[in-house]
Amino acid sequence: ALEDICNQENLDSSEWGLVHQRKKCDLTVPWRLTSIPTNALLEMYKLEERRPTSDVTVQLQLPDNSRHAGNFNPSITLQQMLDWYRSQSESMIGALDTSINVSDKLYPVCSYMSEEVIGIHALSNTTLRELGLTSGAAVIR
Numbered sequence: 047a048l049e050d051i052c053n054q055e056n057l058d059s060s061e062w063g064l065v066h067q068r069k070k071c072d073l074t075v076p077w078r079l080t081s082i083p084t085n086a087l088l089e090m091y092k093l094e095e096r097r098p099t100s101d102v103t104v105q106l107q108l109p110d111n112s113r114h115a116g117n118f119n120p121s122i123t124l125q126q127m128l129d130w131y132r133s134q135s136e137s138m139i140g141a142l143d144t145s146i147n148v149s150d151k152l153y154p155v156c157s158y159m160s161e162e163v164i165g166i167h168a169l170s171n172t173t174l175r176e177l178g179l180t181s182g183a184a185v186i187r
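Numbering (my numbering), first residue to last: 47 to 187.
Don't take every hint at face value.
[As the list claims (entries may be wrong)] Each computed EDC-like pair below joins lysine to aspartate or glutamate, with the alpha-carbon atoms no more than 20 angstroms apart:
1. K69 / E49
2. K92 / E55
3. K70 / E89
4. K92 / E49
5. K92 / E161
6. K70 / D50
7. K70 / E94
8. K70 / D58
9. K70 / E49
10. K70 / E95
11. K69 / E89
12. K92 / D72
13. K69 / E95
14. K69 / E94
15. K92 / E136
16. K92 / E61
[To be verified] Cβ-Cβ distance ranges computed for the label pairs, FRET-style:
17. T84 / H114: 33 to 39 angstroms
18. V185 / A47: 37 to 43 angstroms
19. Q126 / S181: 16 to 22 angstroms
20. S81 / W130: 21 to 27 angstroms
To be clear, the hints were calculated from the coordinates, so they are not data collected in a lab.
For clarity, every value in this text was computed on a predicted model and none was experimentally measured.
From the three backbone atoms N, C-alpha and C, an ideal C-beta is built for every residue, glycine too.
Using the sequences and the accompanying hints, generate a full structural model.
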């Protein structure tokens, strides 16, 4: 939510925070675990210091349910992340390339929580930060 508003208003999201009923929201927790109701009124406030950025640990889960870990800056795109995984081992190249065979009308998809990013164009334009991943760890399928 904060990333979306800051992008619309051309603001740096690392300089802003969110408040719900005078209580600061923990932006490192997945939104569904914050116990903030749907359509709640949130207010933005200016942080005294910029929020430090730290790497995000991403576990990439492949169709065979194997997982591969990597640490990434939140500003990296999903396509750059997939390219990094491809460069790590020969087995990753085969696993990722079979799942994105474009000639058979299959499109690459990354799923995080309930959000799916579909297609090479979307993967190239979606960052981890836009998915809400600014620190901690996550599993992307």
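Falls inside 37 to 43 angstroms, the C-beta gap from V185 to A47?
The hinted range 37 to 43 angstroms is violated for V185 and A47, with Cβ atoms some 21 angstroms apart.
If you draw a straight line from the CA of K70 to the CA of E95, is it 20 angstroms or shorter?
holds, 15 angstroms
Is it true that the CA of K92 sits at most 20 angstroms from the CA of E55?
holds, 14 angstroms
Straight-line alpha-carbon gap K70 to E89, limit 20 angstroms:
holds, 9 angstroms
Straight-line alpha-carbon gap K70 to D50, limit 20 angstroms:
Between K70 and D50 the Cα gap is close to 18 angstroms, so the pair holds against 20 angstroms.
Given the proposed pairing of K92 with E161, does the C-alpha separation stay at or below 20 angstroms?
violated, 28 angstroms
For the pair supplied as a hint, K92 and D72, confirm whether the alpha-carbon distance does not exceed 20 angstroms.
Within the cut-off at roughly 15 angstroms; holds.
Given hint E94 paired with K69 - CA-CA distance at most 20 angstroms
Holds, at roughly 16 angstroms.
Can the restraint linking K69 and E49 be considered satisfied, given a maximum Cα separation of 20 angstroms?
holds, 19 angstroms
With a cut-off of 20 angstroms on the C-alpha distance, tell me whether K69 and E95 pass.
Cα-Cα ~18 angstroms, so holds.
Pair hint K70 and D58, alpha-carbon separation not exceeding 20 angstroms
holds, 18 angstroms
Quick check: does the Cβ-Cβ distance between S81 and W130 fall within 21 to 27 angstroms?
Because 35 angstroms falls outside the window, the suggested range is violated.
The earlier numbered hints that this structure contradicts are 5, 15, 18, 20.
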